[in-house]
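My numbering numbers the first residue of the sequence shown as 1 and each following residue consecutively.
Rather than coming from a laboratory, the hints here were simulated on the basis of the structure.
In this text, all values refer to a predicted model and were calculated from it rather than measured experimentally.
Among the clues, some could well be false.
Said to hold, decoys possible - PhoX-like mimics (lysine-lysine), calculated; alpha carbons at most 25 Å apart, straight line:
1. Lys118 - Lys4
2. Lys9 - Lys118
3. Lys9 - Lys130
4. Lys210 - Lys118
5. Lys154 - Lys130
6. Lys154 - Lys9
7. Lys132 - Lys154
8. Lys9 - Lys210
9. Lys118 - Lys130
10. Lys154 - Lys4
11. Lys210 - Lys154
12. Lys210 - Lys4
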Amino acid sequence: MPPKLTCSKLPEEFNDSGLPVVSVALDGSPQTELANAPWGVTGQMPDVQFSLAYDNGAIYLKYLVIEPTVRAEVEEIGGPVYEDSCVEFFIAFGDAEAYYNFEFNSLGVCLAGFGPGKQRQVFPVEAVSKIKVHAVYPEQDELTGLFHWSITIKLPLDAFIHHQITSLLGQSARVNFYKCGDLLPNPHFLTWAPIEHPFPEFHLPQFFGKLVFA
C-alpha cells in the first residue's frame, strides 16, 4: 500500500506573507521524515524532515537537513543540482503518467522538468523564475561537526506550466520526496515513499505515494 500524506491549508493569517514568515509557520506543521534508504547509506545517514501546506495560489514545502558533508557548487538555473546536496519533490496530478520534478540544492538553485519518464522537458528559465525559495545556507555545528540547512519553497499554481490549476482543495496527487547528493564523498539517496529497484533511480512514478489537499 503506497504511503499517504494530507496537505493542509496554510492559515489565512499567513496569506500574502513573505517566505521567511511562511517558513516559521511550517515549523509548526507536522514533520515527515525521509526514512527510506533503498540502496543503503555509506557513513552517517542524513536526518531530513519536510513539511508542507497550500493556499489558494501555491504549494509550500520546507526541508530541514542535517548531514555530515555539504556540496553547493551548481549556481546555474537548470543545472545538475542533484550532484550537490539536493532535495527533490516529484508530483503527478490525478492519474496522469507525466509528472513534474522540482530539485533544489542548498543554495536554492532549481532544476525543474516535466514528462512521463526519465527523458524530461526541462523548464525554461522564465518558468523556473515563478518558483520562489528561502534558503538558510549550511552552518556547521561546532560540537557534532554536522551541517544544518533548510529551504522553503513556494510553487505557485502557474509554475505547473503543463496544467491549468485553479484550485487544489479536494484534489489528490501522486508524489515522492527525496534527498540526494551524487558527488558527495558518500553519496546517498533517501526517499519518502519506498522504492524497489536494483540501482539508485528516482524517476519511478509507479512507487509514488498519495498526497491529498484537504
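Verification of the hints:
Simply put, Lys118 and Lys4 have alpha-carbon atoms about 24 Å apart, close enough for the 25 Å limit, and the pair holds. A distance of roughly 32 Å separates the Cα atoms of Lys9 and Lys118; the hinted pair therefore is violated under the 25 Å criterion. As the CA atoms of Lys9 and Lys130 are separated by approximately 21 Å, the hinted pair is consistent with the 25 Å bound. A hinted pair counts as satisfied when its Cα atoms are at most 25 Å apart, and Lys210 with Lys118 qualifies at roughly 21 Å.
The straight-line distance between the Cα atoms of Lys154 and Lys130 is roughly 9 Å, inside the 25 Å bound, and the hint therefore holds. At roughly 14 Å between alpha-carbon atoms, Lys154 and Lys9 fall within 25 Å of each other, so this suggested pair holds. Pair hint Lys132 plus Lys154 holds up; C-alpha atoms about 5 Å apart against a cutoff of 25 Å. About 17 Å separates the Cα atoms of Lys9 and Lys210, which keeps this hinted pair within 25 Å; it holds.
Distance check on the hinted pair: Lys118 and Lys130 sit about 24 Å apart at the alpha-carbon level, within 25 Å; holds. Restraint check for Lys154 and Lys4: satisfied, since their Cα atoms lie roughly 21 Å apart, inside the 25 Å limit. In summary, the hint linking Lys210 to Lys154 is supported, as the alpha carbons are separated by about 20 Å, within the 25 Å threshold. Proximity of Lys210 to Lys4 is assessed by CA-CA distance (about 5 Å); at most 25 Å being required, the pair is judged to hold.
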